[in-house]
Amino acid sequence: MNTPIMLLKVRHAGSVGVIVISGEVTAAAERELMEAFAQACEGPSVHILLNFEKLHFINSSGIGLLVTLLIRARRQQVRLMACGLSQHYRQIFELTRLNEAIAVFNTEMDALAALHLSAA
Amino acid sequence: MPWQRFIYRRHNSMADPQLHHAESGWAAPVERLQVDWVPAGAVILNVDGRALTGPLRGFGQLWRKTYRVYTGEFEPREVMRAWRENFEAFWPRGNRFYAPVEGISPGSVAVLNLGQARQGLPLISTGVFVIYADDESFTFITPQGHMFAGMITFSAFVENEVSVAQVQAFLRASDPIYELGLRLRVGHIAEDRFWHTMLRNLASHFHQHWPVEQRVVCLDPSVQWREARNVWLNAAIRTALYSAAAPARWAARRLR
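Chain order of the listed sequences is C and S. Start counting the first sequence at 1; every next residue gets the next number (my numbering). Start counting the second sequence at 1; every next residue gets the next number (my numbering).
Distance windows between CB atoms, simulated:
{"#": "1", "chain 1": "S", "residue 1": "Arg249", "chain 2": "C", "residue 2": "Gln77", "range": "50 to 60 Å"}
{"#": "2", "chain 1": "S", "residue 1": "Ala246", "chain 2": "C", "residue 2": "Glu35", "range": "49 to 59 Å"}
{"#": "3", "chain 1": "S", "residue 1": "Ile237", "chain 2": "C", "residue 2": "Thr107", "range": "38 to 48 Å"}
If you're looking for bench data, these hints aren't it; they were derived computationally from the structure. Glycine is no exception: its CB is placed at the ideal position from the N, C-alpha and C atoms.
Construct all of the structure, not just a fragment, from the sequences and the given hints.
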């Protein structure tokens with residue numbers, strides 16, 4: 001049986017492309033995640049916010065995908081941010097050092113507010 | 001603004017949502033590694049007290065290296081069980097992997113003695129930390145001083161109705177010396193040969209004799225100069241110094 005395990009939604013909020021990630025992030029999600037990233041980078045986006053509020057699970061291959069995404073973002077001079085991570089996955093970000101390269105916020109509003117403050 | 005939706009579905013038998021419950025499989029965070037067990041015969045250097053690195057740290061270019069081999073019609077979980085239980089036996093000769101009693105499990109620290117002649121000291125003593133393990137995969141992350149700052153995932157899955165075992169590494173050379181080795185191709189050749197041998201040994205365990213496929217992508221061609229100081233913790237240099245001081249240690253023991 002083919003079970004849907006991840007749903008990605010992309011929208012734009014000013015200069016921020018928001019990717020809302022629901023379900024599970026594993027190696028099988030690579031193509032869809034990269035397509036969503038490309039979609040989020042369209043238009044004036046110079047920041048991409050990964051919203052993990054509806055995340056169910058990331059395995060280590062999923063972390064590898066985020067590393068790939070991060071490098072791609074850097075090459076396009078796009079800043080990657082994250083929000084909505086549970087305490088557990090914040091620790092995983094720390095363990096894998098992703099938190100040193102991806103700014104982590106509690107909520108989407110916090111992330112957008114921080115961007116507006118830095119732009120002001 | 002309308003939402004753009006991307007949905008993907010699982011297409012292989014490795015999918016079992018029941019096993020993928022949140023927060024499973026990951027190691028608890030650690031500040032620094034600690035080897036609280038003493039494997040017989042191991043030279044334990046460059047592990048205790050070392051912080052973890054990962055592919056975002058390290059000096060050199062960032063590579064994604066994927067090696068895979070067909071393992072016939074065996075269930076991925078069966079392949080992973082055998083891989084985990086015989087991990088060291090599948091390694092190329094002359095290299096030792098000392099895992100703790102609990103084996104390859106989240107949070108465990110393994111000691112590596114690489115390039116070790118019989119009864120001799122290793123060329124490199126370092127370690128790895130198991131950050132993730134489940135029935136379908138396990139992942140190591142390297143500590144400071146290791147040749148690579150990176151993450152290596154070992155997994156098995158079904159593709160086109162055939163079981164595949166895969167090693168996927170995200171890695172950078174830890175410091176300029178290791179990077180030089182990679183730029184001269186020596187490091188890449190050694191690395192590729194290592195994983196080819198391991199996957200061939202794994203496949204042979206299942207009486208399969210397929211060639212190992214390899215895909216290498218340079219994700220980031222730039223170097224991170226701020227990490228050049230990692231050379232201070234270079235495990236190869238420190239192991240060489242330890243080996244060079246062996247006669248002095250022997251003499252000191254005799255005089256005691």
